[in-house]
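In case you want the letters, here they are:
Number of protein chains: 4
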Amino acid sequence: MNAAVRAVAQAAFGKGWEVAAVESGYAGLLEGRFRSVDSGALSGWMSRGGTMLGTERSDDFATDEGKSRAVEAAREAGVEGLVVVGGGGSLAGALALDERGLPVAGIPATIDNDVAGTDMSIGVDTALNTAVGIIDRIRDTASSHHRAHVVEVFGRDNGYLAVMSALAGGADAVLTPEFETKPEDIVRLLEESYEGGKPHFVVVVSEGASPTADELCGHINDAGESYAADLTAAGHIQSGGGPTAFDRILAGRLGAAAVKALADGDAGKMMGLQGNVIERVPLEEIVGEDRPLDPGLYELAGELARIPR
Amino acid sequence: MNAAVRAVAQAAFGKGWEVAAVESGYAGLLEGRFRSVDSGALSGWMSRGGTMLGTERSDDFATDEGKSRAVEAAREAGVEGLVVVGGGGSLAGALALDERGLPVAGIPATIDNDVAGTDMSIGVDTALNTAVGIIDRIRDTASSHHRAHVVEVFGRDNGYLAVMSALAGGADAVLTPEFETKPEDIVRLLEESYEGGKPHFVVVVSEGASPTADELCGHINDAGESYAADLTAAGHIQSGGGPTAFDRILAGRLGAAAVKALADGDAGKMMGLQGNVIERVPLEEIVGEDRPLDPGLYELAGELARIPR
Amino acid sequence: MNAAVRAVAQAAFGKGWEVAAVESGYAGLLEGRFRSVDSGALSGWMSRGGTMLGTERSDDFATDEGKSRAVEAAREAGVEGLVVVGGGGSLAGALALDERGLPVAGIPATIDNDVAGTDMSIGVDTALNTAVGIIDRIRDTASSHHRAHVVEVFGRDNGYLAVMSALAGGADAVLTPEFETKPEDIVRLLEESYEGGKPHFVVVVSEGASPTADELCGHINDAGESYAADLTAAGHIQSGGGPTAFDRILAGRLGAAAVKALADGDAGKMMGLQGNVIERVPLEEIVGEDRPLDPGLYELAGELARIPR
Amino acid sequence: MNAAVRAVAQAAFGKGWEVAAVESGYAGLLEGRFRSVDSGALSGWMSRGGTMLGTERSDDFATDEGKSRAVEAAREAGVEGLVVVGGGGSLAGALALDERGLPVAGIPATIDNDVAGTDMSIGVDTALNTAVGIIDRIRDTASSHHRAHVVEVFGRDNGYLAVMSALAGGADAVLTPEFETKPEDIVRLLEESYEGGKPHFVVVVSEGASPTADELCGHINDAGESYAADLTAAGHIQSGGGPTAFDRILAGRLGAAAVKALADGDAGKMMGLQGNVIERVPLEEIVGEDRPLDPGLYELAGELARIPR
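Residue numbers (UniProt numbering), protein chains in the order written: chain A, 1 to 309; chain B, 1 to 309; chain C, 1 to 309; chain D, 1 to 309.
Same shape as in the complex, but just chain A (with noise of 0.2 Å):
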């Protein structure tokens, strides 16, 4: 997120705006905690993982009220335009801030990929790798016979980390909130695979999913007493670290043209990746919504990993 941040700043300047950057999301918003920003004031935000400037809950926000002060506050300290960096909740809340007057540009960030408008939101490649390299090392441990490898990663409702980890991190198999998975044929492949003299079988489990990581670890332990499943929850593992390029070029994109939206006037829009353009996506078509998981890919998963590697 901080290289959106300083993407929107460095476009900003570019237009000879002023630039203040709000601390602690919304909460922050209502409290007026504005941090003035300058050119040098950003240095070194590009390569920095984690949000520089705070996120926090709001109780306040989220009542009608809370909005309309939040409106007040932010008039009172001179601003014309926001731009929101955040996941779902945190863009709900622009809808809500521009339908009040106040002219907000959305910008998707969210380790999830659940965004709806954007084929990725700021964070997700990040996320992904950071993922994959957790597989790899999993992977990497001595293995022994009729061991199953369980990693449970994040995605709420929405199975693509899922997916993606697993094609990418060369799962046997994978489980997600959109696709139906028997416990009992998770064991079979393990016995297959075992048989089929892998030294390894990784399973990749959505944190949305049916039977939860927690729950297949059980069925497998459960299984015959030549089993065990080993649990590793990747989670706040995956929200850290360094961005990958890709972020970075992303937050550069939508930063600029989250800038240019509120230029031109057109407030009240998401700035999403479309195919290879950044289009601008109403806000109020994308709240509420979910992104739906591409099953070409989640097929991809299971062809790649249908044959023992």
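Read the hints as simulated data drawn from the structure, not as lab findings.
It is possible that some hints are incorrect.
All copies of an identical chain are treated as equivalent in the list; a pair is satisfied when it fits inside any one copy or across any two copies.
[To be verified] Taking lysine to any residue and the SDA-like style, the derived pairs with C-alpha atoms no more than 25 Å apart in a straight line are: (1) Lys182 to Gly101; (2) Lys15 to Glu191; (3) Lys260 to Gly275; (4) Lys15 to Leu297; (5) Lys260 to Tyr298; (6) Lys260 to Gly296; (7) Lys198 to Ala77; (8) Lys198 to Asp59; (9) Lys198 to Gly32; (10) Lys15 to Pro199; (11) Lys198 to Glu31; (12) Lys182 to Leu297; (13) Lys15 to Gly218; (14) Lys198 to Leu53; (15) Lys260 to Ala21; (16) Lys198 to Gly268; (17) Lys260 to Gly101; (18) Lys260 to Ala92; (19) Lys15 to Ala267; (20) Lys15 to Asp157; (21) Lys260 to Val287; (22) Lys182 to Gly66; (23) Lys198 to Glu184.
Add chains B, C and D to chain A, keeping to what the hints say.
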């Protein structure tokens, strides 16, 4: 490339085909150096950098007679279809073999991203992340006034890798073969940058640019006694290293698509990523063609660099 | 471990010896699974994580009769000397084989760093860097008040990895098996830390500590409704990955020393790093012994953590 | 170095001291550029590469008069003790300040590992791992016969980094300032290596070696038309990047020791790692001294490289 070979093999196993890998490229094809590949042989290929099958220049294959002999060698070995993974030169060879009656499918793989008909070739994302890692490290080093760090990256006649490295690395300037830059403008930018209080100045230069990285360093060093330029040639560091998630997934998609094209009897095509879909592009349309650099990305790199960081 | 196997082979070739690698540890030794190793076979071993020879538990080898059969199997295969690379259990096996007349040299390799007689075992530095990378990433994630990140690292009964991870990761607290910590003290530290304005709070817990990482999370979550604890178990992520320079060099030094010890007829010894030199330590002195944790390092971790960062 | 500054500050806070950081080294000291450091100011320093305080050459400080003025500047600012983190030149400056009455403690930090009185300086382990990563990547690249990859690493007059990089990178040869190597011997080794079937040949050359990396490439290229040498200068890539666990821990230990030495009234000493303990070494014993290269490690690099890999 290893991930592409693995994907081709997995997809071919899925069709019940027998698979052999050709060692050392066309040189190995001429000499009949086939390595039989079964399901166990590819363990670990996913995460390995470089080219495990090796590459070798072949003067023999460069002749018409050599190409005809290669087709014969393939037929004698019972080869019914060939998947060629490589850059422009390799794909030109693939077209020649296909024209001589050996069904061939092509997969673009080169870190220069100069193959027409595809948005990305396998290897580009990995090389890009390596180049950005190099830029990050160079910017970390203790900086002193009026010193410019010049980083030369690969790309042959194509500035893609340079522009994307500059964008992702937050470079202050980028020189490519496609756009002219006067060295005195770089010196002036360097001057302004340090007067603006920036602690470092990084220029990315594509290997095909004019002035070259070497020449640019000369210009900077000659510009006055208070100027100094450090040259870092990323060179072969860019070509190695474990592949990123994007490259592994692209390899998986292109590899499976190549097998499907051969299975459909649709030979003579290169699999290309266009937007989000894999297209079959006639080899004759892309051989000898240049892949143009998106001027929007070049301009964006300039826009985000304009203001000192 | 692969780097150690490579070093042993290289040093043995230097003495003109023939070399065979035993697959799957003592299980493979009993079954005579020797893999002949020549100079070309080890290409690329240096940089590979995990154990390319595999490991396997052997119930047979656990018996006296099994150990005698292993010595016979080795002799029948013409083995004149054996180098065992592994942790405490493997080195106990090595001693048993040596006592039964097979000359053995031991090399300590375990990420737990719990082998006596050596400052460092092979694998510790790599695991430590992985654990620190995990802590860095977790600290990068957006933080909110009164939330504690609890990271569980390996180490069995030894707190070395936990203390060193905490020191290098800049953790706020560390729990080890060797030193008692009351969970209420951690809760109080967490409270003070956020009152002091720190944006994150990270505790490293050794797997053998009491309270365990799980129990500590429970304590924190029970401490009040404004508290929450996130558990990240580094688990098998720590065991994989390409080895660090230190581990490769240590492997090279210990491997060469083991071959030299066998060549000198000085069997029954483990090669140990003590300060800057490699010593030959009698296996009987280290088998069953614990490696004590340096209390100075534990205190230093506390000293550097005491003040909010 | 950032980790060392953080450790000094943490340890000093522990003694109830006030802490200020000097920007841009001795140049900043002369100009009184002190930055007050409190407990919140050091967040994130642990994991940052480079030198966040900056460095700058100072011609003024090089004079006797300049050194006296620096002591005055420190006194005026209320400085009662100074910790200097740096290489040989910085530590010579530290001795001069101490002799002029300002209590100083020294901490060795240089990637060249050429400071006497300590086994390791801060930064060496990080630079070593970077150099090894470069060698790994270069070896990954497609190789062809009779091509030598020559990698130049830092080290000034000290071959430590070259020898350790060669050992850890599995290089085929290493050239250092301390030991003479004839270029024709390298050419012969290259020849033998490819005749022995090795797919690549890597030579590590210390920047102070004779022949230099450049000269060696010339020799190889002149040796016959079938030979070619690729030069990769690791250069400033080595100086940046996030610090390894070892470097962070060493920084923590040396930083705490420096504060303790000042608290004990034992100024004029450099903190040195000797074996496993931190010793206080009189600055006058190490200034101007060379740190000898361990010939055993040089021989080991040769022993492990002797046989083709």
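Outcome of the hint check:
1. With identical chains, the CA atoms of Lys182 and Gly101 are never at most 25 Å apart, being 50 Å at best within one copy and 46 Å at best between copies.
2. Taking the closest pair of Cα atoms, Lys15 and Glu191 come within 25 Å of each other only across two copies (22 Å); inside a single copy the shortest separation is 62 Å, beyond that limit.
3. Taking the closest pair of Cα atoms, Lys260 and Gly275 come within 25 Å of each other both inside a single copy (20 Å) and across two copies (23 Å).
4. When the C-alpha separation of Lys15 and Leu297 is checked against a cutoff of 25 Å, the pair qualifies only between copies, where the shortest distance is 18 Å, while the shortest distance within a copy is 41 Å.
5. For a Cα distance limit of 25 Å, the shortest separation of Lys260 from Tyr298 across copies, 17 Å, qualifies, whereas the shortest one inside one copy, 36 Å, does not.
6. For the homomeric pair Lys260 and Gly296, the shortest alpha-carbon distance between copies (14 Å) is at most 25 Å, but the shortest distance inside one copy (35 Å) is not.
7. In this assembly of identical chains, the alpha carbons of Lys198 and Ala77 never lie at most 25 Å apart, being 63 Å within a copy and 27 Å across copies at closest.
8. In the homo-oligomer, the alpha carbons of Lys198 and Asp59 lie at most 25 Å apart only across protomers (22 Å), although the nearest pairing inside one protomer, at 51 Å, exceeds that limit.
9. Taking CA atoms no more than 25 Å apart as the test, Lys198 paired with Gly32 passes between copies only; the shortest distance there is 21 Å, against 58 Å inside one copy.
10. Taking the shortest Cα distances, Lys15 and Pro199 sit within 25 Å of each other only across copies (24 Å), while inside one copy they are farther apart (58 Å).
11. Taking the shortest alpha-carbon separations for Lys198 and Glu31, only the inter-copy value of 20 Å comes in at or below 25 Å, while the best intra-copy value is 58 Å.
12. With identical chains, the CA atoms of Lys182 and Leu297 are at most 25 Å apart within one copy only, with a shortest distance of 20 Å there and 46 Å across copies.
13. In this assembly of identical chains, Lys15 and Gly218 lie within 25 Å of each other by CA distance neither inside one copy nor across copies; the values are 58 Å within and 34 Å between.
14. With identical chains, the CA atoms of Lys198 and Leu53 are at most 25 Å apart between copies only, with a shortest distance of 14 Å across copies and 46 Å within one.
15. When the C-alpha separation of Lys260 and Ala21 is checked against a cutoff of 25 Å, the pair qualifies only within one copy, where the shortest distance is 18 Å, while the shortest distance between copies is 41 Å.
16. Taking identical chains as interchangeable, the C-alpha atoms of Lys198 and Gly268 are never at most 25 Å apart, the minima being 53 Å within one chain and 35 Å between chains.
17. Taking the shortest Cα distances, Lys260 and Gly101 sit within 25 Å of each other inside one copy (19 Å), while across copies they are farther apart (53 Å).
18. Proximity of Lys260 to Ala92 under the C-alpha cut-off of 25 Å is restricted to the intra-copy arrangement: shortest distance 21 Å within a copy versus 42 Å between copies.
19. Taking the closest pair of Cα atoms, Lys15 and Ala267 come within 25 Å of each other only inside a single copy of the chain (17 Å); across copies the shortest separation is 51 Å, beyond that limit.
20. For the identical chains of this complex, Lys15 and Asp157 are neighbours neither inside a copy (39 Å) nor across copies (33 Å), given an alpha-carbon limit of 25 Å.
21. Taking identical chains as interchangeable, the C-alpha atoms of Lys260 and Val287 lie at most 25 Å apart only when both belong to the same chain, with a minimum of 22 Å there against 38 Å between chains.
22. In this homomeric assembly, Lys182 and Gly66 never come within 25 Å of each other (Cα to Cα): the closest approach is 45 Å inside a single copy and 42 Å across copies.
23. With identical chains, the CA atoms of Lys198 and Glu184 are at most 25 Å apart within one copy only, with a shortest distance of 19 Å there and 47 Å across copies.
The structure is inconsistent with the numbered hints 1, 7, 13, 16, 20 and 22, although it conforms to all the rest.
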